[in-house]
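Asker: As you go down the protein sequences, you meet chains A and B in turn.
So in the numbering used here, the last one in the first sequence is 610, and the numbering has no gaps at all.
So in the numbering used here, the last one in the second sequence is 131, and the numbering has no gaps at all.
Keep in mind that the hints are not guaranteed to be accurate.
[Stated by the list, open to error] To give an idea of the interface, some chain A residues facing chain B are shown, with a C-beta separation under 10 Å as derived from the structure:
id: 1; residue: R104
id: 2; residue: I113
id: 3; residue: L183
id: 4; residue: P184
id: 5; residue: V189
id: 6; residue: T249
id: 7; residue: Y250
id: 8; residue: G394
id: 9; residue: G498
id: 10; residue: V512
id: 11; residue: G514
id: 12; residue: D543
id: 13; residue: E544
id: 14; residue: P580
id: 15; residue: D583
By construction, these hints were calculated from the structure, which means they are not laboratory data.
Think of the CB as a built atom: it goes at the ideal place given N, C-alpha and C, for glycine as much as any other residue.
Letter by letter, the chains look like this.
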Amino acid sequence: MDEDREKMSDGFDSGLDNKANGATVRPAGSCVQVIESLFAGIFSARLDKSAPRIRLAAWVFLGVYGIIAGKLLDFALRPDPPASVKRAAADAIAAARPDLLDRNGELLATDIKVMSVFAEPRRIIDKDEAVELLTAVLPDVDAHELRERLGSRKGFVWVKRAVTPKQQQEVYHLGLPGVGFLPENKRVYPNGPVAAHVLGFANLDGIGISGLEKYIDGQGLADLHGAGFSLTPENLTPVTTSLDLKATYAVRDELARGIAKFKAKAGAAAILDVNSGEVVAMASLPDYDPNSPADALDPNHINRLSVGVYEMGSTFKAISIAMALDLGKITLHSRIDARDSLRYGHFTIHDFHATHRVLSVPEVFTYSSNIGAARMALMVGVEGHKAFLGKMGQLSRLRTELPESAEPLVPKNWGELNTMTIAFGQGLSVAPLQAIMAVGALANGGLLVTPTFLKRGEEDAKKDAPRAVKAETSEAMRYLMRLNAEIGTAKIADIKGYFVGGKTGTADKIVHGHYSKDKVLTTFMAVLPADKPKYLFLTLLDEPQGLPETAGYRTAAWNAGPVTGKIIERTGPLLGIPPRIDLPTQPFPLLAKLGYAEANVPAHSGRAH
Amino acid sequence: MMRLLNTLAIAALIGSAIYAYTIKYETIFHAETIVKLQHEIKLEQDQIGTLRAEWAHLTRPERIQALADKFLDLQPVALNQIVRAEVLPGKAPRVDAIGRKLEALGLAEPTNTPGDANALDAAVSSTPPR
Numbered sequence: 002m003d004e005d006r007e008k009m010s011d012g013f014d015s016g017l018d019n020k021a022n023g024a025t026v027r028p029a030g031s032c033v034q035v036i037e038s039l040f041a042g043i044f045s046a047r048l049d050k051s052a053p054r055i056r057l058a059a060w061v062f063l064g065v066y067g068i069i070a071g072k073l074l075d076f077a078l079r080p081d082p083p084a085s086v087k088r089a090a091a092d093a094i095a096a097a098r099p100d101l102l103d104r105n106g107e108l109l110a111t112d113i114k115v116m117s118v119f120a121e122p123r124r125i126i127d128k129d130e131a132v133e134l135l136t137a138v139l140p141d142v143d144a145h146e147l148r149e150r151l152g153s154r155k156g157f158v159w160v161k162r163a164v165t166p167k168q169q170q171e172v173y174h175l176g177l178p179g180v181g182f183l184p185e186n187k188r189v190y191p192n193g194p195v196a197a198h199v200l201g202f203a204n205l206d207g208i209g210i211s212g213l214e215k216y217i218d219g220q221g222l223a224d225l226h227g228a229g230f231s232l233t234p235e236n237l238t239p240v241t242t243s244l245d246l247k248a249t250y251a252v253r254d255e256l257a258r259g260i261a262k263f264k265a266k267a268g269a270a271a272i273l274d275v276n277s278g279e280v281v282a283m284a285s286l287p288d289y290d291p292n293s294p295a296d297a298l299d300p301n302h303i304n305r306l307s308v309g310v311y312e313m314g315s316t317f318k319a320i321s322i323a324m325a326l327d328l329g330k331i332t333l334h335s336r337i338d339a340r341d342s343l344r345y346g347h348f349t350i351h352d353f354h355a356t357h358r359v360l361s362v363p364e365v366f367t368y369s370s371n372i373g374a375a376r377m378a379l380m381v382g383v384e385g386h387k388a389f390l391g392k393m394g395q396l397s398r399l400r401t402e403l404p405e406s407a408e409p410l411v412p413k414n415w416g417e418l419n420t421m422t423i424a425f426g427q428g429l430s431v432a433p434l435q436a437i438m439a440v441g442a443l444a445n446g447g448l449l450v451t452p453t454f455l456k457r458g459e460e461d462a463k464k465d466a467p468r469a470v471k472a473e474t475s476e477a478m479r480y481l482m483r484l485n486a487e488i489g490t491a492k493i494a495d496i497k498g499y500f501v502g503g504k505t506g507t508a509d510k511i512v513h514g515h516y517s518k519d520k521v522l523t524t525f526m527a528v529l530p531a532d533k534p535k536y537l538f539l540t541l542l543d544e545p546q547g548l549p550e551t552a553g554y555r556t557a558a559w560n561a562g563p564v565t566g567k568i569i570e571r572t573g574p575l576l577g578i579p580p581r582i583d584l585p586t587q588p589f590p591l592l593a594k595l596g597y598a599e600a601n602v603p604a605h606s607g608r609a610h
Numbered sequence: 002m003m004r005l006l007n008t009l010a011i012a013a014l015i016g017s018a019i020y021a022y023t024i025k026y027e028t029i030f031h032a033e034t035i036v037k038l039q040h041e042i043k044l045e046q047d048q049i050g051t052l053r054a055e056w057a058h059l060t061r062p063e064r065i066q067a068l069a070d071k072f073l074d075l076q077p078v079a080l081n082q083i084v085r086a087e088v089l090p091g092k093a094p095r096v097d098a099i100g101r102k103l104e105a106l107g108l109a110e111p112t113n114t115p116g117d118a119n120a121l122d123a124a125v126s127s128t129p130p131r
C-alpha cells in the first residue's frame, strides 16, 4: 500500500517537475506541454497549487449560472408559446350569450353547443396530406386558405367552426395528429327571419353585431367577457323582449301577402302598445335569416321602421290637426276654407279628394284635405309648428334599444312653405317608428311614450313620459280616427267587431328631386280599440301598384288599409282583443262633456263619401 | 414495558398512516366522481339547450301554420262566429229518456218479487196481450 502511495505521489510529482522544469527549459512552441502542465496543476494535490483550481471552479460555476440567468431572461422576454391548446382556445371560442325570449317566454334566440375543428400546425407532420384529407371531409373549407393557415407559425388555428356531428365523426376517423375538437357556443334563431330586425345577430365569436344582440353587449356582457369571466348560459338571465312571437309571425305573413298582392317593392308593419310603448310585433320586408348573417348586409334588408326615413304623407295630418286643437287655434266645430287651392309663391297646394267648399274639422280629416291641414299649420305659425313637432319627437333621432336608427331629414331653412307642406306630410322625412310614437301619444291620452323592444310595464313607461297633448285633444283625435274608419278613407280597415280608428297616408316618392306621379309610399295607422286605445297598427308599403280590383288606385286606402285590416283580424284574438258584438255606446265621454255630443253617435253611411 | 409501548406506538403510527392514505384516496375518488358528474350534468344541460332550440324550431309559427293549413279545418276568429249568450236557444224541458224507453218497451209496470206468487199471478193476468 505504501508503495502504491509512493508511486502516486511520484507520478504527480514528476508531472509537477515537468511543469517546473518546462518553465526553465521551455521547448519552443510545445502546446502539448502547456496543456499537460495545466492538467498537472489542476489535479495536483498540493495545497500551494490549489489557487488556480479554485479560480477555475469559480469560473465554471459563474458560467453555468450565467447561462441559467441568460436563459431565464430569454424566457421572460420571448412571448410565451401557449402552454396548452385549452388555454389558447379559451380566447378563441365563442362566448355564451343570454337567451332572448318573447313576451310569453317563447324562445327567440339561444345558444347551442357545437363542435369546432381546430389544428395545431406545429404538431401536424404532413401538412399537405392533412389539407387534402380535411377538405375531402369538409367540402366547404377552402383548401388554399387552409394550407396557408396550417403553414403559419401559430400554435392554434381553426379549421372549421360548428361542424355537424357526422362531419365530426368523419374528421375523427381521419386520425390526424394535431387536429382536434372543441365545444363552442353557436347562436341559433329557431324562428328564422321572424323578428330578425329586432333580434339582430351575433357573429361566430359570440359578439353581437346588430339589433338587440348588440344592445345586450353594450349592457356589460362584452365587458364581462373581456374581463375573462367564463359565462355559461346557466348563469345568464334571459332577456325578455316586448315582441309576441305569434303576432310577429302573423304580421310578417300578412305583410308578405300584401306586398305580393300589390307588387310593392318593400314594406314594413308594426304593432305598438300605445300605453307601455312596447313594440309587440314588427316586420320589415325584405328581410334576412339571422342564421345566415351574411344576408343582413344587403342594403335592401335594412329595418325600414327605424333605419329608413320617409315622408309619411297624410298620417302627418293627424299631428297637424292635434297641434291646432291642442293650442286652441281650432275646435272640432271650426270650419276651414278649402274652396280654392292654396297658393304660395309659385306653389299651389291641391286636394286629392277636392271638395271646393268650406270643410268642418272632422271633414278635413276624413277627406284628408291638404289645404285644410296647411291652413291649420299656418294658424299655428312656423315657430309654433317647429316647437310642437320637436315636442312630439319628430325632429331628433329616436333612440331605442336598437343600435340602428336614422336622423330625420329636417329642412334646413324652414319657412312658411315648409310648414304648409309638412302639415300634410311632405318635406319632413322621419323614421316610421318615430311617427307611430307620435300617433301613439295622440291616441293614448297624450303621453309621449318612447317605443321599446324590451318588456316593460305601463307604469314604468308612463312614469317619466312627457305630456305631448292634452287628454281632450287625444280623445278628439281618437274620435276623428274612428269617424274616418266609419265614413272616411279608412273604411276598408273597419273590421267588424273591433272599434277601429284609422288614418291613411299616401306620399308621392321623390325621384331625382321631383315628386313622382306614379311612385308612392302608402301608410296606414289604425288604433284599436278607439275608445280605450291599446294597440296602434302601422303598415307601410313602398311603391304598391294599382290593381284591377282597386280600380287602378294605388292610394293607401286601397292597399295599406286592407293589409292592416287583415293584420287586425288575425292578431286581435292573439293579443287578447277578441271581436266585440256590442260596440261601446259612450266611447268619448270627455268630448261629450265638452259639448260635442255628436262624437258618441255612430256616423251612418248616409254621411259617407 | 418500554418495548410494549414502542410496539404500540409503531402500530398506531402505521395504523394512522394507513387510515390517512385511505381517506386521501377516497377523497381523490370522490373528487373524480364529482368531476365526472359535473361533466355529465354539463352534457345534459347542453343537450337540454339543443332540444329547446329544436323544439322552438319545430313549433315555429311558420311550420305550425303550414301543418294547420294542411290538416286542420280552422278559420280566423270573426264576428260571425260569436253570438251573445241571450241568442243561445233556451234549455229544453227535462225529458226522462230512459223512463220513456222503458215505457215503450212495456217495462214500466211494477215488478214482482219472486217470493210473492199472488202478486206474480196478478201481474201476469194484468199484462195486456201483445
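Asker: Indicate, hint by hint, whether the structure satisfies it.
Answerer: These are the hints, each one checked on the structure:
1. The beta carbon of R104 of chain A comes no nearer than 14 Å to any beta carbon in chain B, farther than 10 Å, and the hint placing it at the interface is violated.
2. Interface restraint check: I113 of chain A against chain B, minimum CB-CB distance 5 Å, threshold 10 Å, status holds.
3. This hint is violated: L183 of chain A has a C-beta 13 Å from the nearest C-beta of chain B, more than the 10 Å allowed.
4. Because the beta carbon of P184 of chain A sits about 8 Å from the nearest beta carbon in chain B, less than 10 Å, this interface hint is met.
5. The criterion of a C-beta within 10 Å of any C-beta in chain B is met by V189 of chain A, whose closest approach is roughly 5 Å, and the hint holds.
6. Because the beta carbon of T249 of chain A sits about 8 Å from the nearest beta carbon in chain B, less than 10 Å, this interface hint is met.
7. Annotation: Y250 of chain A was flagged as interfacial toward chain B, and the flag holds, the nearest CB pair being 4 Å apart, inside 10 Å.
8. Interface restraint check: G394 of chain A against chain B, minimum CB-CB distance 33 Å, threshold 10 Å, status violated.
9. Among the interface hints, the one on G498 of chain A holds; its C-beta lies about 4 Å from the nearest C-beta in chain B, closer than the 10 Å criterion.
10. Nearest Cβ of chain B to the Cβ of V512 of chain A: about 36 Å, over the 10 Å cut. The hint is violated.
11. Using the Cβ-Cβ criterion of 10 Å, the hint placing G514 of chain A at the interface with chain B is not satisfied: the shortest such distance is roughly 42 Å.
12. A distance limit of 10 Å between C-beta atoms decides the matter here; for D543 of chain A the minimum to chain B is near 24 Å, and the interface restraint is violated.
13. Because the smallest distance between the Cβ of E544 of chain A and any Cβ of chain B comes to about 26 Å, over 10 Å, the interface hint for this residue is violated.
14. Look at P580 of chain A: its Cβ gets to within about 5 Å of chain B, closer than 10 Å, so that hint holds up.
15. Given the 10 Å rule on beta carbons, the hint for D583 of chain A holds: about 8 Å separates it from the nearest Cβ of chain B.
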